[in-house]
Amino acid sequence: MKIKVLKFFLILILISIIISIGILYYHNILFQLSPRILYLLLSNEINIFHLHYDCHEFCPGFISVCDFELLIMELSGELN
Numbered sequence: 007m008k009i010k011v012l013k014f015f016l017i018l019i020l021i022s023i024i025i026s027i028g029i030l031y032y033h034n035i036l037f038q039l040s041p042r043i044l045y046l047l048l049s050n051e052i053n054i055f056h057l058h059y060d061c062h063e064f065c066p067g068f069i070s071v072c073d074f075e076l077l078i079m080e081l082s083g084e085l086n
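Counting the sequence shown from 1 gives a position; the numbering used here is that position plus 6.
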């Protein structure tokens, strides 16, 4: 009984991780994340799943390459 429940939760966690990676890949943010950048974004309560990276046309929900780099510099304190 316990093994079935454990397997169910492990499968649920695995599916959640796969869906999360898919969302980050779709938003072009997956390859921009490093542990440092991920820590900076999450510690400042920025939802990484709402970031859309490098849109070719103007979209309010998208962030450009330069703006993303400025955001990381601002969060890390390098922009003082």
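Treat the hints as calculated values from the structure; they're not laboratory data.
Watch out, some of these pointers could steer you wrong.
[To be verified] Derived Cβ-Cβ restraints for the label pairs, each shown as a range:
1) MET7 / GLU75: 50 to 56 Å
2) GLY28 / GLU51: 34 to 40 Å
3) GLY28 / ASP73: 21 to 27 Å
4) ASN50 / LEU18: 42 to 48 Å
5) PHE55 / LYS13: 23 to 29 Å
6) ILE25 / ASN50: 22 to 28 Å
7) LEU18 / LEU48: 17 to 23 Å
8) LYS10 / GLY83: 28 to 34 Å
9) GLU51 / ILE19: 29 to 35 Å
10) GLY83 / SER22: 39 to 45 Å
11) LYS10 / HIS58: 36 to 42 Å
The structure displayed is predicted, hence computed values, not measured ones.
Using N, Cα and C, we set each Cβ at its ideal position, and we do this for glycine too.
> If you check each hint against the structure, which ones fail?
Replying inline: The structure conflicts with hints 2, 4, 8, 9, 10, although it agrees with all the remaining ones.
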